[in-house]
Amino acid sequence: MRVTRTRRAAMLLAVLMFAVTACAGAGRPVDLVTVNSVERPRPVGAEENPAPPSTSASKAPDCDAEASFRPPDPMPAPGQMPEGSTMKAIQDAGMLIAGVDQNTFLFGFRDPTTNALEGFDIDRVREIAKAIFNDPNKVQFKVVTSAGRVDALKNGDVHIVVRTFTATCQRWQEINFSAIYYMAGQRLLVDQASTVTTLDELGDQKVCAAKGSTSIKTIADYKSKPIPVQVDNWTDCLIMLQQGQVAAMSTDDTILAGMVAQDPNVKMVGERFTKEPYGIGIPKENEDMVRFVNGVLEQSVADGSWADSYDTWLGDTGGSRPAAPTPKYRK
Amino acid sequence: MVTASPPEPGTRKGVWEIPATAARRVRRSAASTPGRLFVIGVGLVVLSLLTGLVGAVALQQKQATIDNLIEHREPVAAASQQIYRSLSDADATAASAFLAGGNPPEELRERYELDIAQAGANLAKAAADVAGVPQAQEQVDQLSQQLPVYTGLVETARAFNRQGFPAGAAYLREASGLMRAKLLPAAQELYSIDFRRLAEEQAQARSFPWITTALVLALLAALVATQMYLVRRTNRLLNVGLLVASIAVLVGLIWGTVALLIESNSVADGQESGTQQVELAVEARIVALKMRANETLTLVARGDGGDYEKEWQALVPEMSGDGADNLLARARELAADDETREVLDRARANVADWVELHKQVRELDDGGSYEKAVELAMGDGDDGVAARFGELDGNLLAAINSGREQFVAETGAASKALTGLVPGAAVLALLAATGVTMGIRERLREYR
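These protein sequences, in sequence, are chains A and B.
Positions in the first sequence are counted from 1; adding 1425 to them yields the working numbering.
Positions in the second sequence are counted from 1; adding 565 to them yields the working numbering.
Some hints could be false.
[To be verified] Below, computed lysine-lysine pairings styled on DSS-like, alpha-carbon distance capped at 27 Å: (1) A/K1579 <-> A/K1563; (2) A/K1636 <-> B/K747; (3) A/K1631 <-> A/K1650; (4) B/K747 <-> B/K690; (5) A/K1709 <-> A/K1692; (6) A/K1631 <-> B/K924; (7) B/K937 <-> A/K1563; (8) B/K747 <-> B/K875; (9) A/K1650 <-> A/K1579; (10) B/K855 <-> B/K924; (11) A/K1700 <-> A/K1555; (12) B/K924 <-> A/K1563; (13) B/K937 <-> B/K855; (14) B/K981 <-> A/K1555; (15) A/K1636 <-> A/K1648; (16) A/K1709 <-> A/K1648; (17) B/K875 <-> A/K1636; (18) A/K1700 <-> A/K1631; (19) A/K1579 <-> B/K855; (20) A/K1692 <-> A/K1631; (21) A/K1709 <-> A/K1555.
[To be verified] To be clear about the criterion: a stretch of chain B counts as covered by chain A if any three or more of its residues have a C-beta under 8 Å from a C-beta of chain A, and this derived list gives those stretches: (22) 740–752; (23) 881–894.
Honestly, the hints are just simulated from the structure, not real lab data.
It should be emphasised that the depicted structure is a prediction, and the values quoted were computed from it without experimental measurement.
No residue lacks a Cβ here, since even glycine has one placed at the ideal position from N, Cα and C.
If we strip away everything but chain A, and leave its shape as in the complex, we get (with noise of 0.2 Å):
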């Protein structure tokens, strides 16, 4: 009994010795100042999980979205515009304002070497110009956002839109559209060493888009239930999939063509699993302008420059050339 008290004795004064020298240790270095986290820089304006738009909860009347109105027959010729008609006011005032986006390779991207604006919808936009003035370069560039397509045109900041704009029938309710000039599907990008190639894939991942874009509420309403994640313009998607921000980016396919051809190291995968047809956005009430647009697109495909203009810029991103899209007309 006492033997144990004793020992137990001199065994507490040690461990009481060992604390007190523990904690007196004059020795111990200063802590050196730790970071343990980094917040990524992210692109202006980057959201994610944005509430879904107000107007997304009203469902627009079913519609063909990809009917337009019947161009007028003869056309008139360039720089003689109808007494009374929108173009007549365009060409008076000198200059066509075209909504445009200088941020998407491809489409419509402000060429760093030459400070000018290039791309497919820009090509549309210079016939259109050319068929009112017979001066291709008569034009005042502004761009806008995916999200402030539709206000443009609602404030009359602009007279068309011609920025991979998706004909749809809750847009047709505010605006109009012109015949489709193209056809494009959404498609998913991811990095090369991915092995996803559906959406399926990506519940609860990170999937960018563009604010205002149709992709934006593919993605947001697909079953699967990825988290979106939006951005002012689409490039932006393409540096936060760089940055290893977002999974992966998901809107059109030739958009996404766009990015592939800026970074070998991202990929299209997958199938196209909407269908975007492209139209130019005209204001509501310029029914004349829509028509006069549909005439100059369809001489566009006739007289080849569609085709030129296709293989210019789309004509590497893989496929053939595919045919022009047949105009639909309501009336």
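Place chain B on chain A using the hints.
Leaving out everything else, chain B in the frame of chain A:
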């Protein structure tokens, strides 16, 4: 060994009673006149030495505060405003280089590199000073963590630009967003913390040493009272020792008061026509940089830059017009000399020209002449915005530098006003103590 043995109740009691015994003895001796004189003499000597010590320490501290203002506090504040300036200029330059298109001009690249190097060097200077100020530490951490990220993004943008890909523009937008959302706010906060600390230390340098003054006045009163007591007791009007002591204390009081008044006045002048003027000029420079960045980014956005233009318009009243917000007018009111006022007048003229040119830029851009608008805003012509902005920045820098010189001159004068006061106070205190000792001993001798 008494201490080693267990303490006896008696001894312990003896130890405790020493102060009481001493007090009793003092009381007993103070009952007689010579005893009282002795006690008064000891008290006066102690008070003189204490006053001298407290005064010398307080003055030494004040001197140290002033020297610290010039050598440390103000340079750090200047360094942190330079961080903001360099970062903001780097951002505007990167955007200009982008607008220039193609391979950007060599001078824009050099300017950007210089800006980044300067920001880094000044950040190191500001970082050496933030210990114990957690808020400032936070800003320095933010700046030193994000600055390398920013430059990385800009270089990536450059690589893509050279290949002709719009990804370059996207990286540049991300970089600029990082700058405007994190780096610039941190730099602005750091610089306002540093200016606040400068103002606090200036107030400290101006403060009046109340404790020392109270001690001096008490000493003087005690000396006068002792002399009156002696006159009553000994019927002798003059006691040389005590008189010398009183004069020494009086000289110390007058010297100290005058020197401190001059010092506090000089520090206040340095604060008003120096620091405060500098602060306004710095703020004006920051506003000018913000305006320039907004102007550039409006053009980069090419029609989608309405917010930048709105911000530009909101900043204009701070730089021009007759409003109370006009920083340049307020700086001019505080300026110390005609030269600085002229520099600020020139800056105001630059702003007026710029506002006029900006209107033209917007008209050109909104009217569809984008290339001409870019040329007017970015071109290196003598009539362009870039030239006006360069002049404005130069004039504001001149105003900042002259304000800083004014600060150093005035604060240096404040430091000079205190010259010799510390040893002087010590010598005078010793003189007073000696005088008291001699004077009291002379009277005591008469009682033998």
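Do the hints match the structure? See the list:
1. A/K1579 <-> A/K1563: holds (22 Å)
2. A/K1636 <-> B/K747: It holds: about 23 Å lies between the C-alpha atoms, which stays within 27 Å.
3. A/K1631 <-> A/K1650: holds (10 Å)
4. B/K747 <-> B/K690: holds (20 Å)
5. A/K1709 <-> A/K1692: violated (39 Å)
6. A/K1631 <-> B/K924: violated (44 Å)
7. B/K937 <-> A/K1563: holds (15 Å)
8. B/K747 <-> B/K875: holds (21 Å)
9. A/K1650 <-> A/K1579: The hint is violated at about 33 Å.
10. B/K855 <-> B/K924: holds (17 Å)
11. A/K1700 <-> A/K1555: Not OK: A/K1700 and A/K1555 at ~30 Å, beyond 27 Å, violated.
12. B/K924 <-> A/K1563: holds (23 Å)
13. B/K937 <-> B/K855: holds (22 Å)
14. B/K981 <-> A/K1555: Violated: B/K981 and A/K1555 sit about 79 Å apart, past 27 Å.
15. A/K1636 <-> A/K1648: It holds: about 20 Å lies between the C-alpha atoms, which stays within 27 Å.
16. A/K1709 <-> A/K1648: Violated, at about 34 Å.
17. B/K875 <-> A/K1636: Within the cut-off at roughly 23 Å; holds.
18. A/K1700 <-> A/K1631: holds (22 Å)
19. A/K1579 <-> B/K855: violated (32 Å)
20. A/K1692 <-> A/K1631: Cα-Cα ~17 Å, so holds.
21. A/K1709 <-> A/K1555: holds (23 Å)
22. 740–752: holds (count 5)
23. 881–894: violated (count 0)
When held up to the earlier numbered hints, the structure conflicts with 5, 6, 9, 11, 14, 16, 19, 23 and fits the remainder.
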